[in-house]
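K.L.:
The two chains are supplied separately, each in an independent frame; assemble them into the complex guided by the hints.
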Amino acid sequence: MKKYLYIFQSELMTNLQYTFDILVGFVSYCIMIFIFLNLWQYIYSDPSEVIKGYTMNQMIWYVIVTEILWMSLGGRKLCKKICNDVRSGNITYNITKPYNYVEYSLFSHLGITTLKIFLITILGMLLGIVFLKEFPKLTILSVLGVLLSCALATTINIVLITIIGLISFFIEDANPFFWLYSKLILVVGTIFPIEFFPKAIQPIMKYSPIYVVSYGPAKLFVDFDTHRFIEIIIIQVIYLIIALLIAHLIYWKGVRKLNVNGG
Amino acid sequence: MAVITVENLSKNFKVKVKEKGLKGSFKSFVKPKYNIIKAVKNISFEVEKGEMIAFIGPNGAGKSTSIKMMTGILFPDSGKIDVLGYDPTKNRRKLAYEIGCVFGQKEQLWTHLTPYDNFKFFGAIYDIPGKQVEKKIEELRELFELEEFMNTPVRNLSLGQRIRCEIVASLIHEPKVLFLDEPTIGLDPVVKEKIRTLIKRMNKEYKTTVVLTSHDVSDIEKLCKRVIIVNKGQIVLDDTMENLKYHYLNKKIIDAKMKEKVNLDSVEGINILKDKDYNLKLEVDLKKKSISDAIKLLNPDNMIDINISNVPLEQIISEIYKDGDK
Chain A
1 MKKYLYIFQS ELMTNLQYTF DILVGFVSYC IMIFIFLNLW QYIYSDPSEV
51 IKGYTMNQMI WYVIVTEILW MSLGGRKLCK KICNDVRSGN ITYNITKPYN
101 YVEYSLFSHL GITTLKIFLI TILGMLLGIV FLKEFPKLTI LSVLGVLLSC
151 ALATTINIVL ITIIGLISFF IEDANPFFWL YSKLILVVGT IFPIEFFPKA
201 IQPIMKYSPI YVVSYGPAKL FVDFDTHRFI EIIIIQVIYL IIALLIAHLI
251 YWKGVRKLNV NGG
Chain B
264 MAVITVENLS KNFKVKVKEK GLKGSFKSFV KPKYNIIKAV KNISFEVEKG
314 EMIAFIGPNG AGKSTSIKMM TGILFPDSGK IDVLGYDPTK NRRKLAYEIG
364 CVFGQKEQLW THLTPYDNFK FFGAIYDIPG KQVEKKIEEL RELFELEEFM
414 NTPVRNLSLG QRIRCEIVAS LIHEPKVLFL DEPTIGLDPV VKEKIRTLIK
464 RMNKEYKTTV VLTSHDVSDI EKLCKRVIIV NKGQIVLDDT MENLKYHYLN
514 KKIIDAKMKE KVNLDSVEGI NILKDKDYNL KLEVDLKKKS ISDAIKLLNP
564 DNMIDINISN VPLEQIISEI YKDGDK
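Taken in order, these protein sequences are the chains called A and B. Per the working numbering, the first sequence runs over residues 1 to 263. Per the working numbering, the second sequence runs over residues 264 to 589.
Think of the hints as simulated: they come from the structure by calculation, not from any bench. No residue lacks a Cβ here, since even glycine has one placed at the ideal position from N, Cα and C. Heads up, some of the hints might be wrong.
To be verified - One side only, chain B facing chain A, incomplete, derived with CB under 10 Å: (1) Thr-334; (2) Ile-336; (3) Leu-337; (4) Ser-341; (5) Lys-357; (6) Phe-366; (7) Trp-373; (8) His-375; (9) Asp-380; (10) Phe-385.
In isolation and in its complexed conformation, chain B is listed as follows (with noise of 0.2 Å):
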């Protein structure tokens, strides 16, 4: 069943525009002129209950906007949205209630009060019952292991506590859908990690839905099982991830350690990525060569060890960013 369907959905900014200089400071003042952006270009697709998609595109793609359309902050130009039976622009209040927004790059904490103390407001926000809200802080307390700062003010956590308890506040009233906007931006590796595993939790106990939009690819490789790229405000990629790693690109990394210095030069479908001393890169496409035609230029009796992995999913995405542009 669809939690999320979007139609067509399109939406345009309008941009002040001014000329260099003085006089173009004056021009602007006297007949300002506009440019009409067009952040998001007609869009469609669905999410089903308990998935957990990765929304993604480079810087200006039209995810953001996307993201705020379902959330019911921005109004679309054109096109429809449902969100859990929700219209967002009609009854942007009523959605509310069911569904949570976290923006990594925005504080909703009330930052001189305790993590206990603003779940307590939420809870009030949505108006669930005192013991209610107290059972839900005990239960997502465990989860997210805020024990060790529950009683301090959010000002003196650090950014990952920080992060956790924007989490936990935005899961007090059990939304159906939670939007995640880069949730691990500016996160340590070890943090990031840790988040991951509790939002994976998280989903799992609850089938939270979760739409989340990430410039980090670990976050959407070890996170989500759907992937929704954006480009230039268009839909360029809705794939599953394994199909998205294993068949759009159709190629592989060869890594191998020779005995012998070997002189290879790239051949169609061969392209050698690294050559230095005994250690050579290679990376084959599979729609021209074979595994094993790569291996044979290499000859197997010179191979001390080899490694065949996937193209990283990072070069993966670059590379269908860069064909949107085209």
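Chain A extracted, bound-state conformation (with noise of 0.2 Å):
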């Protein structure tokens, strides 16, 4: 474990380095958030007004928090990192580390991932309390159930991403399976909370990334229950060991394919 704390540890290091670089990242949060503020407040006619259980104020505080858990990913870094890494046969260092891929990327991700979400939670939750004039209300338990919940999201965020990168052993090209997985994350999962969705569909909704990775912190940030806090950490916990494993077993099979000619 301490050699995986070393490689979060390095990665963090490397981009302490380049803070400007994701302060300049802030300004297409800050627009993001501006537009779903004027979009809500405009579907809002009353503020008082409630729809699909969500206030006006909620559904802005949910926008905040799950736009956050996906800018500060950089999804598509890491999948085309591990694309290259897979094509360009750079995956041969990491293979003769005494190492696995699997948790050297997510550790390696998350060093990239935590500075990120650190500065723009900071900046997301400054823009909620200018603009909105309230905070959630949040006990400091619960606000730790939060963190954790935020944290499992991003982690399994990571190892799904992990997978899609992964293919690259079998088939030229994983990048238009990302694009697919980050326009479900983000238009189905970032933007509309699931009750909003059709009831038929939303049991399966429950059982795909995006209840774990976007709307599971999103809802207890914007509407804490100790009930549903405990539902949503167990069934991050279970996507999380089940992610994992699928990455170690497209791993061990490609690895087994790996194709790497040339020098």
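P.N.:
In structure tokens, the structure reads:
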């Protein structure tokens, strides 16, 4: 485990040199939040109105949290890196090291995400407080619960994207799969809570990645409930274990198919 | 004692083939066709502890594929590999603690970190206690003369400095076997020479077994006592460097400066390579003619200067490659 923490630390050290780049990324976050702020203010003609169980402020806080989780992730960069590692043969160095590539990828990307999520969270909370002049009712314990759920959401997201990247062992380019995944999370999971979708597909969505990587933590943030917290954490842990097993299986199978020519 | 044993190793690659043009692209999409490339064909050899061997061959000969199988990166189709008592396909993680790899065309260092931070990182990866890593870094810093750029981010280092750091990163865990895959590629002659001296010094200090692949004949000549030449997936020669140089082709080169112009024609066993003004360059095949025959032919009284040398290793290797192609 110590080696993986060192991988995490090294990536964090690297990213600390690029704090300015992260700050530039804040601009797109602010634009997104500004768009959704206006969109929901337009949809909610009366701020006290409740749609599908959400007040306008809850709705905007929901988007603030889901956008923090998605924008701090840098999923496209991760998928591209794994695809490149596999296709260019750079993975060879990782294979000759005494660690597992799946865990290496996870901890290395957590190192990239940690600083980003910390800085974007500060920005998101500031934007929410400035524009909404209200903060969801949360105790210290529930804040810790939300943080745990957010950490699990990010971890699951990284493992799922790692799985997509590892598909490169079997096909030429896995990036289109990432495109589909990102659109699913962005359009379906980030903007609207599950309750906004037809009742018939809600149970399916509960088992989809959307529930564990965006809906779960955001819902806990806007409307914390102990029963819901336990349910979400259990589902997240099960999801993480299964995703890790699948990632390991794909890697195990893929390495046997590896075809590194020349040099 | 053999640290590497390879027995009847083979590896095939499946490569997609496409007919030319748009029609070919559609055909390939509907019904893809594949060619089987036999990259490594039934090779066997052993490497002794502390040996520095060159594993060479033309592009596509199968040398990198063989090295990748020995390090556990690629899985062989058939045959057996034993590296330090481990089967790389089954005990890859355990073997990783015992071997080091440097691929000249790939990067293993974290480019935004300094060499020192990189070495600490590799120490942690190999579960080496902090104090021990510090001691090792200090030792290798001196051996590889890294002092002046120890705290400069790797991205700002020259290629030569980076390669030195790559090698050090591979030595942090004191590997028993070091695989160097074209470590001097792209370096200038001065830096190449420096890297060679350092590799030699490392081999002497730590008794590390080195398996080297390179297209640079000087690397092989100056570092290795044994050479394995691979061509078209097969071993075409496995011999000592000395034997390779002096016996394999059995040829000598005579450079002579004459008082007067000599008009010579090639005869059996003596081939005229160059005849310009008063200078002559002959290649003597010692199986057919002796050196004295060649000198007699030149007439020693007409000679100002003479130099007899071996055929350059580069030429010998090219000949072996060509023989393998036949």
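K.L.:
Next step is simple, just say for each hint if it's right about the structure.
P.N.:
Do the hints match the structure? See the list:
Annotation: interface hint on Thr-334 (chain B) holds; nearest CB of chain A at approximately 5 Å, less than 10 Å. Proximity of Ile-336 (chain B) to chain A holds as hinted, the smallest CB-CB distance being about 5 Å (cut-off 10 Å). Annotation: interface hint on Leu-337 (chain B) holds; nearest CB of chain A at approximately 6 Å, less than 10 Å. Look at Ser-341 (chain B): its Cβ only gets to about 14 Å from chain A, farther than 10 Å, so that hint breaks.
At a threshold of 10 Å, the smallest CB-CB gap from Lys-357 (chain B) to chain A is about 8 Å, leaving the interface hint in force. Because the smallest distance between the Cβ of Phe-366 (chain B) and any Cβ of chain A comes to about 6 Å, under 10 Å, the interface hint for this residue holds. Hint on Trp-373 (chain B) holds. Least Cβ distance to chain A is approximately 6 Å, under the 10 Å limit. Of the supplied interface hints, the one on His-375 (chain B) holds, with its beta-carbon coming within about 4 Å of a beta-carbon of chain A, less than 10 Å.
Interface restraint check for Asp-380 (chain B): the shortest CB-CB distance to chain A comes to about 7 Å, inside 10 Å, so the restraint holds. Proximity of Phe-385 (chain B) to chain A holds as hinted, the smallest CB-CB distance being about 9 Å (cut-off 10 Å).
The structure is inconsistent with hint 4 alone, although it conforms to all the rest.
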